[in-house]
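Use these hints to put chains B, C and D with the ligands onto chain A, whose structure you have.
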Amino acid sequence: MKTDFRIGSLSCKNRVLTASGTFGYGLEAAPYTTLAALGGIVTKSVTKFPRAGNPPPRIAETTGGMLNSIGLANVGVEAFARDKLPLLRGIGTAVIVNIAGSSIDEYIDVLERLEHEQGIDAWEINISCPNVREGGLHFGAKRETAAAVTRALRPRTRKPLIVKLTPNVTQVAEIAAACADEGADAVSLINTLVGMAVDVRTRRPRLSTVTGGLSGPAVKPVALAKVYETARAVSIPVIGIGGIVTAMDAIEFLLVGATAVQVGTSSFRDPDTAVSVARGMEEFCREQGVEDIKELVGALRVDDTGAVPGFIA
Amino acid sequence: MKTDFRIGSLSCKNRVLTASGTFGYGLEAAPYTTLAALGGIVTKSVTKFPRAGNPPPRIAETTGGMLNSIGLANVGVEAFARDKLPLLRGIGTAVIVNIAGSSIDEYIDVLERLEHEQGIDAWEINISCPNVREGGLHFGAKRETAAAVTRALRPRTRKPLIVKLTPNVTQVAEIAAACADEGADAVSLINTLVGMAVDVRTRRPRLSTVTGGLSGPAVKPVALAKVYETARAVSIPVIGIGGIVTAMDAIEFLLVGATAVQVGTSSFRDPDTAVSVARGMEEFCREQGVEDIKELVGALRVDDTGAVPGFIA
Amino acid sequence: MTAVDTDALVTGLRQVSESIFALRFRAPHIAAAAQPGQFVNVLTSPFYDPLLRRAYSISNVYGEECEILFAVVGKGTSLLARVREGDTLRVLGPLGRPFACEEPFQTAILVAGGIGIAPFPFLFSRLLDQGKTVIPLVGARCSSLIARGVISGARYATDDGSEGCHGTVVDLFEEYLSTNEPVVPRVFACGPNPMLAALRRSVLGRGIPCELSLESEMACGIGICQGCAVKRSRERDQYALVCTDGPCFDARDIVPLGEEGG
Amino acid sequence: MTAVDTDALVTGLRQVSESIFALRFRAPHIAAAAQPGQFVNVLTSPFYDPLLRRAYSISNVYGEECEILFAVVGKGTSLLARVREGDTLRVLGPLGRPFACEEPFQTAILVAGGIGIAPFPFLFSRLLDQGKTVIPLVGARCSSLIARGVISGARYATDDGSEGCHGTVVDLFEEYLSTNEPVVPRVFACGPNPMLAALRRSVLGRGIPCELSLESEMACGIGICQGCAVKRSRERDQYALVCTDGPCFDARDIVPLGEEGG
Ligand SMILES: Cc1cc2nc3c(=O)[nH]c(=O)nc-3n(C[C@H](O)[C@H](O)[C@H](O)COP(=O)(O)OP(=O)(O)OC[C@H]3O[C@@H](n4cnc5c(N)ncnc54)[C@H](O)[C@@H]3O)c2cc1C
Ligand SMILES: Cc1cc2nc3c(=O)[nH]c(=O)nc-3n(C[C@H](O)[C@H](O)[C@H](O)COP(=O)(O)OP(=O)(O)OC[C@H]3O[C@@H](n4cnc5c(N)ncnc54)[C@H](O)[C@@H]3O)c2cc1C
Ligand SMILES: Cc1cc2nc3c(=O)[nH]c(=O)nc-3n(C[C@H](O)[C@H](O)[C@H](O)COP(=O)(O)O)c2cc1C
Ligand SMILES: Cc1cc2nc3c(=O)[nH]c(=O)nc-3n(C[C@H](O)[C@H](O)[C@H](O)COP(=O)(O)O)c2cc1C
Ligand code: FES
Ligand code: FES
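Chains as they are written, first to last, in our numbering: chain A, 1 to 313; chain B, 1001 to 1313; chain C, 2001 to 2262; chain D, 3001 to 3262.
Warning: the hint list may mix true and false statements.
Straight-line alpha carbon distances no greater than 20 Å define the calculated EDC-like cross-link-like pairs of lysine to aspartate or glutamate that follow [unchecked claim]:
| # | chain 1 | residue 1 | chain 2 | residue 2 |
| --- | --- | --- | --- | --- |
| 1 | A | 84 | D | 3245 |
| 2 | C | 2231 | A | 174 |
| 3 | A | 142 | B | 1144 |
| 4 | D | 3075 | C | 2087 |
| 5 | B | 1142 | A | 174 |
| 6 | B | 1142 | A | 182 |
| 7 | A | 142 | A | 78 |
| 8 | A | 142 | B | 1303 |
The following label-pair restraints were derived from C-beta to C-beta distances [unchecked claim]:
| # | chain 1 | residue 1 | chain 2 | residue 2 | range |
| --- | --- | --- | --- | --- | --- |
| 9 | D | 3160 | B | 1303 | 29 to 35 Å |
| 10 | A | 155 | D | 3102 | 26 to 32 Å |
| 11 | D | 3181 | A | 28 | 30 to 36 Å |
| 12 | D | 3160 | A | 91 | 38 to 44 Å |
| 13 | B | 1302 | D | 3102 | 41 to 47 Å |
| 14 | A | 298 | C | 2175 | 43 to 49 Å |
| 15 | C | 2063 | D | 3088 | 37 to 43 Å |
| 16 | B | 1157 | D | 3072 | 48 to 54 Å |
To spell it out: a stretch of chain A is covered by chain D in this simulated footprint if at least three of its residues, at any positions, have a beta carbon under 8 Å from a beta carbon of chain D; those stretches are [said to hold, decoys possible]:
| # | segment |
| --- | --- |
| 17 | 44-56 |
| 18 | 65-72 |
| 19 | 260-270 |
Keep in mind the hints are simulated off the structure, nothing from the lab.
No residue lacks a Cβ here, since even glycine has one placed at the ideal position from N, Cα and C.
Same shape as in the complex, but just chain A:
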């Protein structure tokens, strides 16, 4: 059975990747899973300078999900190139480096520092970081800024460029289209939803940063709707992320139009999740007589039921 896919020069043996920030730099979970059985690994966001991250508490469990405000804690691009990347070479799966920055120059600096390093198969650009010029509004919150990041990076790399979109916008498909127009090879979504939680006894927010990012099974319905919206609006591949725990969850994303998926929060529950999702998808295809998993991509059956779309209450 065919399970692999390609996005430009990126070639993955199956359609399940680990999501940025939820699988460390790739090696930490090695004792509990089979890295070589993954479609690929997306690294924690790498920034120009090391970042210690936010003060605790950084996470709070919520119903079916969790809030995080890690604060892009990472070793910085130099230490990444020196200490982390060498370990990732030869683990037998695709390596996608996720880049974050608070100015366009920072994105460029990280990408240029790594462009000629061995062992990087593609970039994922995290545009859910506050744009310091725009006073804290995320790059991903507006068509113009999302396009600007893409435009700045496109000519500087020959590797596939995947732009990772935030769901905290009115029309994500518009932003995806702007990135596609600027030459993005793919988009991935969703990053976390802005959320918060309060400890009623202390009357304090449960995260040091007050608000944080919501992820996990609770957000899956939102993620599916955003991926569906995006996949119908752009012709580049869409990578689906959000609340995937089982192979059936991943197949939902494929059916609504995702070419591949990423597993995030579930790896915290069980570091072998991504691999078991990949295996379960194969099994499902075998059962259903699907010979190439590609057949599932966008295969949602939508009839005209006479329903008035948009009337959602």
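Below, chains B, C and D with the ligands alone, put in the same frame as chain A:
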């Protein structure tokens, strides 16, 4: 202990209302709860003409939440005035009529038809309906259209006007501010998040309308963040809605700035939820020596922790 | 006659087939008010996954106790299968419109598909009490999935032929009709939607009065969510609510989900 | 020495105080590799509420079996309290940095607050094996909340004075120091953050070496989420991870959450 609050001429004995569409027209749940112990009842959205609603399936359970696409099934304003409203008079709690429409004229027609009926304490305006003029984009999706609905209704009523906001936007506070500028007496939020779910065996969406509205505990973190954002941006009262099951959930909303709350999906799990939330809030206040529940509104303690706000990953 | 939401004491749980359990609980008010075909709405978890209650037909009443039959298929039922005697279970009921079984017919045919057998032990004994003749026809995928000891004198159909007639319970129903004298029976049916759709075609074609007990997605069970709509057959684009207008309907009045045209 | 994620067979559950349970499970690899102060990460529900695993100190090891002690306070622990012998439990461990207990000190004082007693039965027997003198000091809110039969020779402090010394376990600790000869002991402590903060001030002021076992919110337990940060005391705005750099830390190295300044 003081638990009541007022918004203009609307006076409620406590801060817990039932949310539109989740408590019928108010009487259906009477055998299972004590209506007179509610702060108020918000009716199912009433439209100009009767609506049969969408074809089944109309609901799908998801992790910690549910999707619905009821399609604003309701008896229409005439039958509402004739059959439902008389039963609501004298149940001993405030009655807030929720109005929906797909053109501004429809909102006006419903409001004007009911303005002089006895027994209505306030309006809640559901602007999460597709605006037929704008080709299906919700009235609530843009500042301009949200303001236009508010502007059209404001001079036509002496009752408090609560505008109910959709969370499916980049900056809900902006839209709230526009409504406040046009004379809204309060805003309520959140309405449901756009979401979807797929049956992988049939490859069909689990709702007849493909996408629907997500509600329930899963969305509480998003609702809290949106209420917090809004309460800091406007000076009119904010009513918090989204995923409330317990008194502690409701108190979280008060702490982030909500004057009152609405209980939605949880009433399906237990029709006595809203009343038990109200009772639990009282008990909490007694325990904590709070004499007027108002003391909790906006009482969130936020320190400067040195965290970089906005960096949410 | 109104329903109550009550903490019911679990008095027994026994397995009646490979995947079906019978759960008994003490709920005097529900037991006293229940009619065959009605259901209860059960909270399966104190937490929020699964979030909503699950509906179960009242499969029998013993004094102050009620019994439900459930097939373990997902989250809610896997939790119910772990309930222990002495636990309490939050149960709301009895809910919905019961089977119309008081009318003056002489022979009733019960047609059950899979876990659709659930409402029939109760209906069966009620009909026997009324002195009626009752023919229970029970379908299952295979022999090991047939609930044992819940209804007597049943004839079986299995998809794989491992017990009784080889075929669906609707095949068995039609075979029964063709080999028995043509008195007009009253049919009561419960099972998956495709089975009900097939049976509906069969009885409507023959002019046999029939009541169907329907399932649908439900959020509340008491008429406040409007989630459980089923198409009415006589008015275009009009809906009935399974929880309050049903779950038992005259087969002529509604179109089970999945039946085209109608 | 690496941890494993395994389906452990539950071999016993017993209540050791009003709200504390001892749960035993068979996990040969974990039992063989475990060191005092390490923890396991337990999946408490097959569904998604609660979503994340819960961390529990390994409170003792018996051959191929491990024991954990837990206080029933919320979702995960109320599910664990319903586990039965013969069930399987998904357990990942042993995780984290153990107590540094091999060093050449002679007297150890164990300071436990509430459920912070959990890691000490294991540490206690390890230290006795090494021929050391061990003084267990145990604090609880009241007598009925003290875990019984898990550690011998303990002295108690209760907030309400219902057993032992009336006060906190840190008061008891300071009283112990003041009434006993001034050999420099090694202190091992586990409990709520405010207690650890108070104890830390007490030992640092006196120059007594001390290891603290910390708790924090955790999502993964294995270093892939960075959620379990705790402030390092020596570098400004730098963090250690409780799950991999801890949970046992030299008291000089970190600042428990809630301790101001530091
Ligand atoms: C009026 C009424 C009476 C009922 N009586 C009984 C009864 O007597 N006995 C009984 O066992 N059940 C009965 N049901 C069904 C019951 O309410 C639950 O839906 C069922 O027990 C499954 O619950 P679960 O939580 O185990 O499964 P879930 O976790 O909800 O779902 C498990 C799996 O089953 C499938 N599934 C379940 N429900 C649906 C659905 N509605 N549509 C599509 N797929 C679905 C899905 O594929 C899913 O993977 C009745 C339902 C209604 C509305
Ligand atoms: C390294 C480590 C070792 C641990 N060892 C043990 C042990 O041996 N025994 C033991 O019982 N527990 C131990 N814990 C705590 C344990 O992991 C769970 O947090 C605890 O059992 C509560 O889980 P729950 O699901 O029952 O409660 P939850 O449902 O998660 O919470 C219940 C209530 O407890 C309170 N609460 C729980 N955790 C926190 C928190 N972190 N911050 C603020 N409030 C909180 C909240 O008020 C909440 O209402 C350890 C934690 C760590 C990190
Ligand atoms: C603890 C945590 C840290 C994360 N860090 C990053 C990050 O550094 N960069 C990024 O692009 N996304 C980050 N994410 C977002 C995830 O990659 C993913 O988009 C999101 O969690 C939704 O997927 P899930 O529901 O499967 O977790 C992080 C998520 C979590 C939970
Ligand atoms: C089944 C259902 C029907 C709803 N119908 C309406 C409606 O008619 N008008 C409206 O303004 N909101 C409607 N809502 C939204 C709720 O009032 C509420 O804003 C939302 O569900 C979030 O709150 P909750 O998480 O407590 O349910 C509906 C929600 C549900 C679940
Ligand atoms: S299930 Fe809610 S109206 Fe029928
Ligand atoms: S709990 Fe995830 S890194 Fe420590």
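Hint-by-hint comparison with the structure:
1. With a C-alpha separation of about 18 Å, the suggested pairing of residue 84 of chain A with residue 3245 of chain D holds against the 20 Å cut-off.
2. As the CA atoms of residue 2231 of chain C and residue 174 of chain A are separated by approximately 37 Å, the hinted pair breaks the 20 Å bound.
3. Only pairs whose Cα atoms come within 20 Å are accepted, and residue 142 of chain A paired with residue 1144 of chain B is accepted, the gap being roughly 18 Å.
4. For the hint pairing residue 3075 of chain D with residue 2087 of chain C, the CA-to-CA distance comes to about 17 Å; that is within 20 Å, so the pair holds.
5. Using a Cα cut-off of 20 Å, the hinted pair residue 1142 of chain B and residue 174 of chain A holds, with the two alpha carbons roughly 15 Å apart.
6. Among the hinted pairs, residue 1142 of chain B with residue 182 of chain A is inconsistent with the structure: their alpha-carbon atoms are about 26 Å apart, more than 20 Å.
7. In summary, the hint linking residue 142 of chain A to residue 78 of chain A is not supported, as the alpha carbons are separated by about 30 Å, beyond the 20 Å threshold.
8. The suggested pairing of residue 142 of chain A with residue 1303 of chain B is violated, with an alpha-carbon distance near 30 Å, which exceeds 20 Å.
9. For residue 3160 of chain D and residue 1303 of chain B, the Cβ-Cβ distance of about 32 Å falls inside the hinted range of 29 to 35 Å, so the restraint holds.
10. At roughly 58 Å, the beta carbons of residue 155 of chain A and residue 3102 of chain D sit outside the given window of 26 to 32 Å.
11. Restraint check, residue 3181 of chain D to residue 28 of chain A: a C-beta distance of roughly 46 Å breaks the suggested window 30 to 36 Å.
12. The hinted window of 38 to 44 Å between residue 3160 of chain D and residue 91 of chain A is violated, with their beta carbons roughly 56 Å apart.
13. Here the CB-CB span from residue 1302 of chain B to residue 3102 of chain D is close to 45 Å, well matched to the stated 41 to 47 Å.
14. For residue 298 of chain A paired with residue 2175 of chain C, a C-beta distance near 44 Å keeps the hint of 43 to 49 Å intact.
15. Between residue 2063 of chain C and residue 3088 of chain D the Cβ separation comes to about 38 Å, which falls inside the hinted range of 37 to 43 Å.
16. Take residue 1157 of chain B and residue 3072 of chain D: their Cβ atoms lie about 53 Å apart, and the range 48 to 54 Å holds.
17. Given as covered by chain D, the segment 44-56 of chain A passes the check, having 6 residues with a CB less than 8 Å from a CB of that chain where 3 are the minimum.
18. For a cut-off of 8 Å, the count of residues in the segment 65-72 of chain A with a CB near a CB of chain D stands at 4, and the three-residue condition holds.
19. Counting residues of the segment 260-270 of chain A whose C-beta sits closer than 8 Å to any C-beta of chain D gives 5, which meets the bar of three, so the coverage hint holds.
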